[in-house]
Structure formats: C-alpha cells, structure tokens
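> Protein chains in written order, with my numbering: chain X, 11 to 201; chain G, 29 to 130.
What the hints contain is simulated information worked out from the structure, not anything from laboratory work. Idealized CB from N, CA, C, for every residue including glycine. Among the hints, a few may not be true.
[Unchecked claim] Which stretches of chain X does chain G cover? Using the computed rule of at least three CB atoms under 8 Å from a CB of chain G, they are:
| id | stretch |
| --- | --- |
| 1 | 42-49 |
| 2 | 59-72 |
| 3 | 81-95 |
| 4 | 123-133 |
| 5 | 151-165 |
[Said to hold, decoys possible] Residues of chain X clear of chain G, computed beta-carbon distances all greater than 10 Å:
| id | residue |
| --- | --- |
| 6 | Lys140 |
| 7 | Gly169 |
| 8 | Gly170 |
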Amino acid sequence: MNPAINSGLNSALNSGMAPVATPWFFYALAGAAVVSGVFVITRRNAVHAALALIVTLLSVAGLYLMLYAPFVAGVQIIVYAGGIMVLFLFVIMLVNIERSSKERTFNRMWPVGLAAAGALMALFVSAFVKGRALFPDRMILLPESSNTQQIATLLYGEGGRMGQYTFAFEIASLLLLVAILGAVIMTKKKI
Amino acid sequence: MVPITTLHYLVVAAALFVLGVIGVLTRRNVVIVLMSIELILNAVNLNLVAFSRMWGNLHGQMFAIFIVVDAAAEAAAGLGILIAFFRNKETVNVDEIDLLKW
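Let the hints inform the model, and build the full structure from the sequences given.
Structure follows, in structure tokens:
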C-alpha cells in the first residue's frame, strides 16, 4: 500500500474521526437512488425521467462521499448533474415529445426484456451469495483531506515524473476531442 | 444496526444496473435509452469506488473518473446521432429506427 495513504489513515484513526450515523445516511441515499432510478425508466415524459435521473446522480454522489471519495463526488455533481444532464435536457427540448407522449411507453418485447433483467439480477444475487468470501467486511478509512492531492499525483505525477495514469489522461482528452468533433459534425445540416 | 459493508454498496449498484438494463431493453424513446446507459455506468462507478475503499487505495476512484469522461463522450456522440436522425426521420422511437434491419 502507498505509504502516504497509510500515514493519512493512521492520522485519521488517531484523531478519532469516527463516521457518524452512517447506516441511516446510507439507507436514505440508497433508497433515493433506487426509487428515482425506477422513475427514470417508468416515466412517460422524458423531462420527468431526466429530473429523476438528476436525483439518482446526486444520491450516488452522496454515496461517494460516504466512501471517502470527495473528489469523485465533486466530479459526479459537476460533470454529470451539471454537464451531461443539461445536454440531455437540451436534446429533449429539441426533439418533440408531444408525439411520443401519446404513444406506448414500452416496446412490444417488454416481457422478454424484463425476463432478461430478472435473470441478470438472479446472477448477481447468486454471485454475491456464493462469493461472499471475496467481499470481506473490512472498510478501510481512506484519508479524506488529501484525497484530491493523491488523485492529482496519480494523474499528473510529481517531481517531474509521469504519474501512473498520465498517459491514460492524455488519451482521455483525445477521446473527448473526437467526441466533440463527432457531435458537431453529425449535428450540422450540411457538412 | 448492521454496519455498512462493501456488500451493501454492491447490492445498491446491482439494483441500479438492473434498472438500467430494463430501461435499455424495454423503453421506446431513444433519449431514455441513453439515460438508462448513464444509470448502468453509475452502477459500475459505485462498485469501483466501493472496492477502492475496501482495498484502501485510489485506483478504483481513478477508474471511476475515467468512466465519467467516457460517459460524457458517449452522451455527446449519442445525442449528436439522435439529432441527426431526428432531422431525417422525425421520430425518436427505437422501433422505427430499422434502416439496417433486413
């Protein structure tokens, strides 16, 4: 394990930073995420589905905070709830929803889809029950205050050396550039 | 009160994943199919961050950040395709997008 993480862990443990009332927070956030997830896939109106998806994303961001991942939670709120959902709402308002709001919500093969999803859930449940030993009950207390700094070290490197993920980071920027170009070119009327 | 373990987070993520799969397989509106894909990606992210805490290192969180980047690219490209398609066929129903169907 990374020694920096270890020392941060020890200091966190020594300062008596015990999590407070986490079970109730967890159940509230998990319930909000799953219930609004159900709304996302059942609402007829696409705008309502998008608003329910925002609630899901914010609840998942809360779960990230409970997992000592404040940077990922911030990225989730800024990029997902702030960026991607605005994109979705824009597109919902560009394509007309009057026609699709009068038609059937689900396609004709919905029993097959539901059966496939049920089989997938059964697979997950059997994996969790049979592979219980793979998921030990320990929860390591990650250092919260230096989380962003450690992620930056992994991404950008330190002391002039490349970090472990610097190359992947550059590739990701290239991917975003290609996606932006593709979206603009596909949306243009005449190329 | 049972303490919250990794398995709790895995169960929540599995529920979100299955909801996303149901949405992809049964909805007719392309926009909501794309939203269901976002649900699936979120479930995977939750798993990765939970495992990151279980093992006590940050690699899971790094993967989660890269998946967020990927989701942004996917949403932009998918919605671009959707707008281009809507301009040609005036529909957003998956059932009517069957040009490649024999």
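> Indicate, hint by hint, whether the structure satisfies it.
Verification of the hints:
By the rule of at least three residues with a Cβ nearer than 8 Å to a Cβ of chain G, the coverage given for the stretch 42-49 of chain X holds, with 4 such residues. Under a criterion of three residues with beta carbons nearer than 8 Å to beta carbons of chain G, the stated coverage of the stretch 59-72 of chain X is upheld, 6 such residues being counted. Coverage of the stretch 81-95 of chain X by chain G holds in this model, with 8 residues showing a Cβ closer than 8 Å to a Cβ of that chain against a need of three. With 6 residues having a Cβ less than 8 Å from any Cβ of chain G, the stretch 123-133 of chain X passes the three-residue criterion, so the hint holds.
Residues of the stretch 151-165 of chain X lying with their CB closer than 8 Å to a CB of chain G number 6, which satisfies the three-residue condition for coverage. Consistency note on Lys140(X): stated as away from chain G, and its beta-carbon is indeed over 10 Å from all of that chain's, at 13 Å minimum. For Gly169(X), the condition that its CB be more than 10 Å from all CB atoms of chain G holds, with the nearest at approximately 18 Å. The Cβ of Gly170(X) sits about 21 Å from the closest Cβ of chain G, beyond the 10 Å cut-off, so the non-interface label holds.
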